[in-house]
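Visitor: What follows is the residue order along each chain.
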Amino acid sequence: MRVLRTLVQIAFLAGTVVLMARGIAGLTPNTCEAYCPFGGVAALLPLARYGQYTCRLTELNVSLMVSLFVLTIATKKSFCSWVCPFGTVSEWLSRAGRKVFGRSFHLPDRGDRWAMNLRYVVLVLVLLLTWTVWKGDLGFRAYDPFYILFTWGGHGTAAFSFYILFAILAAAVLVPFFWCRYLCPLGAVMDPLSRYGGLRVRRNPEACTECGECDRVCPHQIPVSREIEVTARNCTNCLDCVSECPESGALELSCYGK
Amino acid sequence: MRKAVIIPAAIAVLVVAAFATANLYRVPTLHFPFDVERPAEVGTVEYIVEGVRCRGTSMGFVKMTAEVPGMISVTTYARNNSAIVEYDPAITNPDRIREAFEALVERDGVRYQYFRALSQRDLD
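Protein chains in written order, with this note's numbering: chain A, 1 to 258; chain B, 1001 to 1124.
What the hints contain is simulated information worked out from the structure, not anything from laboratory work. Take these hints with a grain of salt, some might be off.
Claimed, not checked - Here are some, though not all, of the chain B residues that point toward chain A, as calculated from beta-carbon distances under 10 Å:
#  : residue
1  : 1004
2  : 1006
3  : 1007
4  : 1008
5  : 1014
6  : 1015
7  : 1018
8  : 1028
9  : 1029
10 : 1031
11 : 1048
12 : 1050
13 : 1077
Predicted model only: the values in this text are computed from it and were never measured. Quick reminder that beta carbons are idealized off the backbone N, C-alpha and C, glycines included.
Could you build all of it, start to finish, from the sequences and the hints given here?
Guide: Below, the structure is given as structure tokens:
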């Protein structure tokens, strides 16, 4: 299962890196933002109000956004742990950090819950600024680690963008999925849909010995051993809990309760 | 754990669906009608302009187009680098418009250099 997910992650990451290399070499005007579903979200208001796109956004961003919504309703936030190249980089960095430091660092529970709401603040700020101060320009590029990394300082970024990128990557080494967990505006968009995602991890209390291994391996600190069905908005269906569970049949994927 | 395969399968289907549906509809990056009286007969021509990549470059293309006589409106599509120009056939025609564009790029190469690569497709 982990191998399958890693292969999918590598495929999407490789595609993004190839696009980045082609962009740097001047072979294509397209960057990763042409394929980013968050662009569809940023395009919604100008589309509704003026029937026109903003900045470089196109039909593909909107279609990918719709596909992302369907995917999230069907499989929770699997986009984050299976597709998103920045999620992949964050995951690999946090694994490296765990090897180096022997552990991951987490905020205290209360601070963590509070900090997770920051991504809603980021979402509202980004959309408001895009539609007002930045006058339709994608000014978020200068602060977006995904764009900065995969265009390597493309159009709209500045020297300080790299400070932001390196700070976020360094934070990911210490705190698993730092950007995704606390700041990603696309994650905030997916949150309400993710709660109702049909494909969920389900715990069978009769087979479960409550060893807590699933809680320990969950990169999103979800207390799987205390749930019957994992409905947490943060669950990305990475399935690490299922892979690591020592009891056969204790954790399984359920599709709309079946 | 065969259900885990649902995830990559859903991803593959939805990515293909997104690319397929993106080609089913077309929304402009910029539609700019010039402040002129619309004649009874209007000609339409599509130019593929490599430099039309976003709303900003579309505005640049509109500025260039504004210098050409007989223009009625410009509609740009960044995704396929195209610009649909409406013109007054009593004043100009697609070949003259194109020549005017090329002359502007030559005259003001730095400002309009993005629009150097230009090809034309008649829509009438």
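Visitor: Could you run down the list of hints and mark each one as holding or not?
Guide: Each hint tested on the structure:
{"no.": "1", "hint": "1004", "result": "5 Å, holds"}
{"no.": "2", "hint": "1006", "result": "6 Å, holds"}
{"no.": "3", "hint": "1007", "result": "5 Å, holds"}
{"no.": "4", "hint": "1008", "result": "5 Å, holds"}
{"no.": "5", "hint": "1014", "result": "4 Å, holds"}
{"no.": "6", "hint": "1015", "result": "7 Å, holds"}
{"no.": "7", "hint": "1018", "result": "4 Å, holds"}
{"no.": "8", "hint": "1028", "result": "5 Å, holds"}
{"no.": "9", "hint": "1029", "result": "5 Å, holds"}
{"no.": "10", "hint": "1031", "result": "6 Å, holds"}
{"no.": "11", "hint": "1048", "result": "13 Å, violated"}
{"no.": "12", "hint": "1050", "result": "8 Å, holds"}
{"no.": "13", "hint": "1077", "result": "8 Å, holds"}
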